[in-house]
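Residue numbers (this note's numbering), protein chains in the order written: chain B, 1 to 220; chain R, 1 to 220; chain S, 1 to 231; chain Z, 1 to 231.
Incorrect hints may have been included.
[Said to hold, decoys possible] Dumping the calculated DSS-like pairs for lysine-lysine here, alpha-carbon to alpha-carbon at most 30 angstroms:
1) B:K202 / B:K77
2) S:K132 / B:K155
3) B:K16 / Z:K7
4) R:K16 / R:K147
5) R:K16 / S:K132
6) S:K149 / S:K218
7) B:K116 / B:K77
8) Z:K7 / R:K123
9) R:K16 / Z:K231
10) Z:K169 / S:K169
11) S:K132 / Z:K169
12) B:K123 / S:K132
13) B:K202 / B:K4
14) S:K132 / Z:K140
15) R:K16 / S:K184
16) B:K186 / S:K140
17) B:K123 / S:K72
[Claimed, not checked] Covered stretches of chain B, as calculated for chain S (at least 3 residues, CB under 8 angstroms):
18) 80-91
19) 186-196
[To be verified] A few chain Z residues facing chain R, derived, Cβ under 7 angstroms:
20) Y78
21) A83
22) G123
23) K169
24) L193
25) P195
These aren't lab readings, by the way, just hints derived from the structure by calculation.
What you are looking at is a predicted structure, and each value in this text was computed from that prediction instead of being measured.
Quick reminder that beta carbons are idealized off the backbone N, C-alpha and C, glycines included.
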Amino acid sequence: MLTKDQIAQRIAKEVKDGQYINLGIGIPTLVANYIPDDLDVILQSENGLLGIGPFPTEDQVDPDLINAGKQTITMTKGSALFSSAESFAMIRGGHVQLTILGAMEVSENGDIANWKIPGKMVKGMGGAMDLVASAERIIVAMQHCSKNGQSKLLKSCTLPITGIRCVDMIVSDMAVLEVLPEGGFKLLERAPGISVEEIKSKTEGKLIIEGEIPEMNFAN
Amino acid sequence: MLTKDQIAQRIAKEVKDGQYINLGIGIPTLVANYIPDDLDVILQSENGLLGIGPFPTEDQVDPDLINAGKQTITMTKGSALFSSAESFAMIRGGHVQLTILGAMEVSENGDIANWKIPGKMVKGMGGAMDLVASAERIIVAMQHCSKNGQSKLLKSCTLPITGIRCVDMIVSDMAVLEVLPEGGFKLLERAPGISVEEIKSKTEGKLIIEGEIPEMNFAN
Amino acid sequence: MINKTVKNAQEAVQDVFSNAVLMFGGFGLSGIPENSIQALLAMNINGLTCISNNAGVDDFGIGLMLQKRMVKKMISSYVGENAEFERQLLSGELEVELIPQGTLAERVRAGGAGIPAFFTPAGVGTEVAEGKELREFDDKLYLLERWLKADFAFVKAWKGDTAGNLIYKGTARNFNPMMAAAGKITIAEVEELVPAGELDPNQIHTPGIYVQRIFQGKNYEKRIEQRTVRK
Amino acid sequence: MINKTVKNAQEAVQDVFSNAVLMFGGFGLSGIPENSIQALLAMNINGLTCISNNAGVDDFGIGLMLQKRMVKKMISSYVGENAEFERQLLSGELEVELIPQGTLAERVRAGGAGIPAFFTPAGVGTEVAEGKELREFDDKLYLLERWLKADFAFVKAWKGDTAGNLIYKGTARNFNPMMAAAGKITIAEVEELVPAGELDPNQIHTPGIYVQRIFQGKNYEKRIEQRTVRK
Numbered sequence: 001m002l003t004k005d006q007i008a009q010r011i012a013k014e015v016k017d018g019q020y021i022n023l024g025i026g027i028p029t030l031v032a033n034y035i036p037d038d039l040d041v042i043l044q045s046e047n048g049l050l051g052i053g054p055f056p057t058e059d060q061v062d063p064d065l066i067n068a069g070k071q072t073i074t075m076t077k078g079s080a081l082f083s084s085a086e087s088f089a090m091i092r093g094g095h096v097q098l099t100i101l102g103a104m105e106v107s108e109n110g111d112i113a114n115w116k117i118p119g120k121m122v123k124g125m126g127g128a129m130d131l132v133a134s135a136e137r138i139i140v141a142m143q144h145c146s147k148n149g150q151s152k153l154l155k156s157c158t159l160p161i162t163g164i165r166c167v168d169m170i171v172s173d174m175a176v177l178e179v180l181p182e183g184g185f186k187l188l189e190r191a192p193g194i195s196v197e198e199i200k201s202k203t204e205g206k207l208i209i210e211g212e213i214p215e216m217n218f219a220n
Numbered sequence: 001m002l003t004k005d006q007i008a009q010r011i012a013k014e015v016k017d018g019q020y021i022n023l024g025i026g027i028p029t030l031v032a033n034y035i036p037d038d039l040d041v042i043l044q045s046e047n048g049l050l051g052i053g054p055f056p057t058e059d060q061v062d063p064d065l066i067n068a069g070k071q072t073i074t075m076t077k078g079s080a081l082f083s084s085a086e087s088f089a090m091i092r093g094g095h096v097q098l099t100i101l102g103a104m105e106v107s108e109n110g111d112i113a114n115w116k117i118p119g120k121m122v123k124g125m126g127g128a129m130d131l132v133a134s135a136e137r138i139i140v141a142m143q144h145c146s147k148n149g150q151s152k153l154l155k156s157c158t159l160p161i162t163g164i165r166c167v168d169m170i171v172s173d174m175a176v177l178e179v180l181p182e183g184g185f186k187l188l189e190r191a192p193g194i195s196v197e198e199i200k201s202k203t204e205g206k207l208i209i210e211g212e213i214p215e216m217n218f219a220n
Numbered sequence: 001m002i003n004k005t006v007k008n009a010q011e012a013v014q015d016v017f018s019n020a021v022l023m024f025g026g027f028g029l030s031g032i033p034e035n036s037i038q039a040l041l042a043m044n045i046n047g048l049t050c051i052s053n054n055a056g057v058d059d060f061g062i063g064l065m066l067q068k069r070m071v072k073k074m075i076s077s078y079v080g081e082n083a084e085f086e087r088q089l090l091s092g093e094l095e096v097e098l099i100p101q102g103t104l105a106e107r108v109r110a111g112g113a114g115i116p117a118f119f120t121p122a123g124v125g126t127e128v129a130e131g132k133e134l135r136e137f138d139d140k141l142y143l144l145e146r147w148l149k150a151d152f153a154f155v156k157a158w159k160g161d162t163a164g165n166l167i168y169k170g171t172a173r174n175f176n177p178m179m180a181a182a183g184k185i186t187i188a189e190v191e192e193l194v195p196a197g198e199l200d201p202n203q204i205h206t207p208g209i210y211v212q213r214i215f216q217g218k219n220y221e222k223r224i225e226q227r228t229v230r231k
Numbered sequence: 001m002i003n004k005t006v007k008n009a010q011e012a013v014q015d016v017f018s019n020a021v022l023m024f025g026g027f028g029l030s031g032i033p034e035n036s037i038q039a040l041l042a043m044n045i046n047g048l049t050c051i052s053n054n055a056g057v058d059d060f061g062i063g064l065m066l067q068k069r070m071v072k073k074m075i076s077s078y079v080g081e082n083a084e085f086e087r088q089l090l091s092g093e094l095e096v097e098l099i100p101q102g103t104l105a106e107r108v109r110a111g112g113a114g115i116p117a118f119f120t121p122a123g124v125g126t127e128v129a130e131g132k133e134l135r136e137f138d139d140k141l142y143l144l145e146r147w148l149k150a151d152f153a154f155v156k157a158w159k160g161d162t163a164g165n166l167i168y169k170g171t172a173r174n175f176n177p178m179m180a181a182a183g184k185i186t187i188a189e190v191e192e193l194v195p196a197g198e199l200d201p202n203q204i205h206t207p208g209i210y211v212q213r214i215f216q217g218k219n220y221e222k223r224i225e226q227r228t229v230r231k
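Chain B extracted, bound-state conformation (with noise of 0.2 angstroms):
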């Protein structure tokens, strides 16, 4: 099974150079510390801020600057800040290339859940279903099964919908999937010692195995 740290290195092998990045709470966020140094991405941060740099050193710590997370943080060379609206125009115009967020469900179909546990507090769907809603592309990290044993890649999702018909991509602790147009879950590679039928097996929704599946690599 990958660690956090592994999920969010697997992701960022997906980044592509001279794109504009939304990474959302949690997994995610560690995505910025695997992407390689030869790659010129920026990072969103959806209250107002084109070019998230490192976290602050202590003397560098600004209450008005922070990240979506409300971390503290600091701003790279060439970035640009801006106003709520702006920031999802931004968003919802499709200028925003590539959101990696997190997810309590997703659907064979490409739907998500990650935003309410009925019953439980509701804490609110803050910017994530416009960003669900608008993304070209959509990559989500998530843990395979609850804890447990329950596989949370479903036919249909159980919990309340943050948006449809939009996860293009999952990186699990398991494996990599892709959300295919038709609808299924494509396994695309598996976590080292992880097999295809344990995948198999902890995945309800309907699983598409072509050919050999390698073992990921985190070798470069």
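Using the hints provided, position chains R, S and Z relative to the given structure of chain B.
The following block gives chains R, S and Z in isolation, referenced to the frame of chain B:
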């Protein structure tokens, strides 16, 4: 009959302290010359400026600073620059309190026609349709009659209209008239030397005359 | 130039009334109108509808207004980190309307810009879409969303001038510019108030036309929710 | 930081194709992308749809593209001061769609912001309303208007950096920011191009995300239509 400058001078009396005002091209532009110095008002230019100042001196001329009539201008202290979208957000959102513009025809229910003469060259409506659809208060500066003596204050407009039920007041070369919400031109003042009878004969739309109609006073 | 300066927060907020609709700029605790919130807390009003991306924390920001039971309804996108909020919500004392963050930003922008309704893709197929018109444009589905306006909007800027022009700093800008435009009465508090003419007209984020009252704020705490530093 | 610099206007516009939809920033002749227009004039393309508030004058700006018969359709709010334009329009060689200026600005803004349609009061009861959905909100009538997008958007800024961030000057800003966001490929020309990091992030008018190519412009004429001076 009032001169263009006198029409502008009379309209200037309608201006209230603290107002944000949009002045159209032509006579409305002249209104700025007659606003009393003790009133603080801010002139909006729909191409992206709040705080139009006087025309520039020769050495102040800046091609990057023009008004909606494409004339070179200056900025007053405390002015602000913005995009056309923000400018019309201001106008449409009702933040510009007073709009003064010219008209070819006004109907007794407050419709205005000022952008197109069929068969002649069409130049376009520019910002006029947005302004008349949005402003809290609209004052029209116009000639009471066409060159061949036809009334331009009509039962209903004959030219393609710019906006419906929007004109609040008319200052023509013959009279000051309020357009009543229920319809009709209520005569408020006569131009010096012009009789009520003359105004009656030159107003095709419903004219409402109550009591004595005073002459305009240009004293102060 | 029109002078919109008022003496302080107390004077600025004095006519806020019970059951009014209020907007508050800020994202988390960043860029919130701290002084105005303090002044509102001293008033004997309640039944308020508060439109704000977040609801503060238990002991700071709008959270304090919740503690004082001044708020009838919150319209927000994310309301975590607030135990009293949770208690009031579960007990039914507080109404909550949750809105996708981009839809919230755009609805407020629409309120200021005179756009009564617009179509957006956020929330299609979710419970957010319930009761809303759904329409297809160019092979994609969208929801019709309405504008939001307020009786009073409270915003916080970095610099401002006496004509009401505002400049924000960093990501403390967030919802402030749209809310400034969507308030019938907009009250701006600034860290530095200067005479009209001292700010570069080309750098104004909120033109003064949107601001009815402005005052020099004081004692900004600027609390940080997630202080995160480099190792 | 992503570097979007291209050598010059020729390189920037080289893939513009016949029958493309183009947007041009500018109000009158102020803030128009002079260099890009010159480079387009040297190309063998036609059938263009041009979205621009105005159509230039006979011998400057988009007027020159009309002279060369490159334009099939103009979408504008005001097209006076142009005899060749008038001739082509009356002879039926040129299609023209006239749009209220605020509606044009908002339709372009909507194109960049992913809003496929919105309601606006401008044009209700006029010929602009023909064929459009009319709807009442809060006792006022509004028209449904659609977004506008372009294959290429040409904008002109005062300063820009290699990441595509732009700062405009004076009223030369006008339609440029919205058009920058509404172009599939946005080409920015600037009076002064600086390395990323030299512009204050807080003063950027157009974030670089909207700009695909940027170049240092040259030989700006900045013609004035109505030179007006104080007596």
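Hints, one by one, checked against the model:
Our distance criterion of 30 angstroms between C-alpha atoms is broken by B:K202 and B:K77, whose separation comes to about 44 angstroms. For the hint linking S:K132 to B:K155, the alpha-carbon distance of about 27 angstroms falls within 30 angstroms, and the restraint holds. Only pairs whose Cα atoms come within 30 angstroms are accepted, and B:K16 paired with Z:K7 is accepted, the gap being roughly 24 angstroms. Among the hinted pairs, R:K16 with R:K147 is inconsistent with the structure: their alpha-carbon atoms are about 33 angstroms apart, more than 30 angstroms.
The straight-line distance between the Cα atoms of R:K16 and S:K132 is roughly 42 angstroms, outside the 30 angstroms bound, and the hint therefore fails. With a C-alpha separation of about 28 angstroms, the suggested pair S:K149 and S:K218 falls inside the 30 angstroms cut-off, and the hint holds. Restraint check for B:K116 and B:K77: not satisfied, since their Cα atoms lie roughly 37 angstroms apart, outside the 30 angstroms limit. For a cut-off of 30 angstroms, the pair hint linking Z:K7 to R:K123 is broken: about 38 angstroms separates their Cα positions.
Proximity of R:K16 to Z:K231 is assessed by CA-CA distance (about 27 angstroms); at most 30 angstroms being required, the pair is judged to hold. With a C-alpha separation of about 21 angstroms, the suggested pairing of Z:K169 with S:K169 holds against the 30 angstroms cut-off. Restraint check for S:K132 and Z:K169: the C-alpha separation of about 42 angstroms exceeds 30 angstroms, so the hint is violated. Distance restraint check for B:K123 and S:K132: the Cα-Cα separation of roughly 22 angstroms lies within the 30 angstroms cut-off, and the hinted pair is therefore satisfied.
The straight-line distance between the Cα atoms of B:K202 and B:K4 is roughly 18 angstroms, inside the 30 angstroms bound, and the hint therefore holds. For the hint pairing S:K132 with Z:K140, the CA-to-CA distance comes to about 20 angstroms; that is within 30 angstroms, so the pair holds. As the CA atoms of R:K16 and S:K184 are separated by approximately 19 angstroms, the hinted pair is consistent with the 30 angstroms bound. Restraint check for B:K186 and S:K140: satisfied, since their Cα atoms lie roughly 25 angstroms apart, inside the 30 angstroms limit.
As the CA atoms of B:K123 and S:K72 are separated by approximately 18 angstroms, the hinted pair is consistent with the 30 angstroms bound. Remark: the segment 80-91 of chain B is confirmed as covered by chain S, as 9 of its residues place a Cβ nearer than 8 angstroms to a Cβ of that chain, reaching the required three. For the segment 186-196 of chain B, the stated coverage by chain S is violated: 0 residues have a C-beta nearer than 8 angstroms to a C-beta of that chain, whereas at least 3 were required. Interface restraint check for Z:Y78: the shortest CB-CB distance to chain R comes to about 4 angstroms, inside 7 angstroms, so the restraint holds.
Proximity of Z:A83 to chain R is violated relative to the hint, the smallest CB-CB distance being about 10 angstroms (cut-off 7 angstroms). Using the Cβ-Cβ criterion of 7 angstroms, the hint placing Z:G123 at the interface with chain R is satisfied: the shortest such distance is roughly 5 angstroms. The criterion of a C-beta within 7 angstroms of any C-beta in chain R is met by Z:K169, whose closest approach is roughly 5 angstroms, and the hint holds. A hinted interface residue such as Z:L193 counts as satisfied when its beta carbon comes closer than 7 angstroms to some beta carbon of chain R; here the least separation is about 18 angstroms, so the hint is violated.
Checking Z:P195 against chain R: minimum C-beta separation of about 24 angstroms lies over 7 angstroms; hint violated.
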